[in-house]
Amino acid sequence: MTSILLSSDDPQVAEDIAFRFAQGEGYKHVGLSLLSEIAKKHDVSEEKLQWALDGTGARKVSRKERDVLLSYVQAATLETLVQDRVVSAGLAAHLYVKNVSHVLQLRVLANPEKRLEEYGEQHKLSRRKAQKALEKLREERIRWSTESFGVSEYDPSIYDIVVQLKQIDTDRVLRIIRETAAFRGFQTMTYSRRCLQNLQLASEVHVALLPSYPAIRVKADGDRVIVHVKCSKRQKPQTVSGIKELARGVETVGLVEVHTVSDLRDADIGAEHTQSPNGE
Amino acid sequence: MTVITISRGSKSMGMAVAEHVAETLGYECLSRAVLLEASEQFDVPEIKLAKAMHDAPSILERLGHRKHSYVAWVQSALTRHAARDNIVYHGLAGHVLLKNVAHVLKVRIVASLEHRVAFVMRQENMSAVDAEHDIHKMDKGRQKWTKSLYGVDPTDATLYDLVLNIPRFDVKDAADLICQCAKLPQFASTPDSKRDMADLVQACAVKAALVDEYPDVAVTSKSGNVLVYCAAGDRHGRKVRSRVESLRQSIEGINNIEVHVGASPPERAV
Amino acid sequence: MSKVLEIMIIDDEEIVCRRLKPAVEKMGCRVETFLNPVEALARMGEKEFDIVVTDVRMDEIDGIQVLEEARKKAEHTEVIIITGHAMMALAREAMQKGAFDFLSKPFTPNDLREIIMRAAVKLGHPLDYEIKA
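Residue numbers (numbering that gives the first Met the number 0), protein chains in the order written: chain B, 0 to 279; chain D, 0 to 269; chain H, 0 to 132.
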């Protein structure tokens, strides 16, 4: 069963559509209310999680802390998504759920005139100042999404569909989602379900490793976990054993493979690697 | 009665979608036909018009101002077709030209770089590196072209009502979605929107008539009242004025025609 | 008496056919295996199969072509794609063309059995078989 990820240049728009779709179609709605659970689990403030997800305005959390907080959000969101028939908005899932065919990714662009008016009214700004403020918000979101997830939120090619709420209204958007979710290409298959499960396991291992090893990439394939870590030759033995110990602490992890690289961009090319069968 | 423009990234399979939409709705599917018509009307080889519509501006600087003429002629042919309604246009930048007409459904077809590279590798028997290089070159060219002509980035999603990522959809599913949107009452032509289209046809016709001699003109039209904007200069202004007077006879529906010398044209001017 | 499901398995690797045949027969199905997809398609012309399990990368004809041909010959036939070269684009294409499911290698016999059980339900002939861990 298809799951739906919604995003918008106006967060309220995505939230409204997600709520309405969940109500209408009997989907589970997963949104910002998940943050209280995440905050409790990791003993962090909900406010900080919101800052980490927002990415605009003055930087209220350091980059390192933001990455850790986002890893918590990512793991918790993926845990709900593996259940099927979920609609999610506000948790940036559109930026880290990649290449899973039964997850429909839709971006809704707010009616620009309406948004400009509402923003100006809300913040008591002239039209020109509101326009500038919205443009600044856009730039900040592009920077935040690129820094945190390596992709711009405003790139239309990362979504399955982008709809603008100018002449197409919300009711029609709901219908587009309903119809598209029924297309064969968006149905769950064993392979796509496994890809999502792999993403989930990788995210859990990422949470376990990130505080100690901030420069890593984690992939999972079944119970096999592959970690690329940036470290020097001198630190390698310590780093490899440290990562394996932490990764094996995550439930369902079997084999842990660690590759050390000098540059994470080389993660898939010519990396040194150490393999260790489970039970060593 | 709707006009659908389908803008497509290079090698994104948008043409197949456009043809499917046209077939499903019983609409005319246009791209080359517009070039052919412009070619006949203005007595210019089709290949030159095609190059004008596809090549990056830097290459065409050698052609001098003729590029502006070619583009204006194609725009005039396009708007004449669009005024007949029930067309699917999948040539360059139709969505930008027609953006102020309410009954135009503006669609963009995109595909991931990975998919486009695979497509080009198969089609052109190229390596991945060469295919990617070619695609980036084409993308850059199209962006430059649209930016130089309309001042917008064609990849900006806010220019469109709908953006679809092929091949996450198969052609039929993508076409179905587009057809459903096209049938919405919001995209049905109204007397007001038909008037806006008629104004655009007239503005493009006037521009096409003037551009060869006066490449920097911009034109607006509203209910037969035509405004022609041109660069400052007394002598220049006089020449333009005497030229536009002759257009009253040759272009239908002009009630009044004025020349504004040195004034900045409004955003909606062609 | 409930219908015995007719299942075809196509894979150019002999070991795959050798492993899967008894694993699926255990469920009470009748299984024919083919190393050559051309022969498999010819056999489809002679006999209707309920479920076809096919590899993708094979000589002469690939699994997607097998899927298309199988669906053409009998609309009710459910096709399960198995492959060691899984990519999401390929999987999506298979689903768009009517595949019932798509499974990447390596997989356990139980993985395939679970899918066959679901396909059997869809065909209206649920199997009386319990998958043991």
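Careful, some of the hints might be misleading.
Taking CB as the label site, the calculated pair distances span [said to hold, decoys possible]:
#	chain 1	residue 1	chain 2	residue 2	range
1	B	Q22	D	K136	24 to 32 Å
2	H	E67	B	R233	24 to 32 Å
3	B	D154	D	K136	37 to 45 Å
4	B	Q130	D	K139	55 to 63 Å
5	H	R56	D	E266	51 to 59 Å
6	B	S231	D	E266	51 to 59 Å
7	D	K171	B	Q130	52 to 60 Å
8	D	K136	B	P111	30 to 38 Å
9	H	R56	D	K136	29 to 37 Å
Result set (DSBU-like, lysine-lysine): computed pairs, CA atoms no more than 30 Å apart in a straight line [as the list claims (entries may be wrong)]:
#	chain 1	residue 1	chain 2	residue 2
10	H	K20	B	K218
11	D	K146	D	K136
12	B	K113	D	K136
The hints are simulated quantities; they were obtained by calculation from the structure and are not laboratory data.
Glycine included, C-beta positions come from ideal geometry on N, C-alpha and C.
Here is what the structure says about each hint:
1. Remark: the range hint 24 to 32 Å for B/Q22 to D/K136 is contradicted by a beta-carbon distance near 48 Å.
2. Separation of H/E67 from B/R233 is about 57 Å and departs from the stated range, judged on CB atoms against 24 to 32 Å.
3. Between B/D154 and D/K136 the beta carbon distance is about 19 Å. The supplied range of 37 to 45 Å is therefore violated.
4. Judged by the Cβ atoms, the range 55 to 63 Å given for B/Q130 and D/K139 is violated: they are separated by roughly 28 Å.
5. With their beta carbons about 54 Å apart, H/R56 and D/E266 fall inside the hinted range of 51 to 59 Å.
6. In this structure the supplied range 51 to 59 Å holds for B/S231 paired with D/E266, their Cβ-Cβ distance being about 56 Å.
7. Between D/K171 and B/Q130 the C-beta distance comes to about 40 Å, which lies outside the given range of 52 to 60 Å.
8. At roughly 32 Å, the beta carbons of D/K136 and B/P111 sit within the given window of 30 to 38 Å.
9. Roughly 32 Å separates the CB atoms of H/R56 and D/K136, a value that falls within the hinted 29 to 37 Å.
10. A distance of roughly 33 Å separates the Cα atoms of H/K20 and B/K218; the hinted pair therefore is violated under the 30 Å criterion.
11. Between D/K146 and D/K136 the alpha-carbon distance is near 15 Å, which keeps this suggested pair within the 30 Å criterion.
12. At roughly 37 Å between alpha-carbon atoms, B/K113 and D/K136 are farther apart than 30 Å, so this suggested pair is violated.
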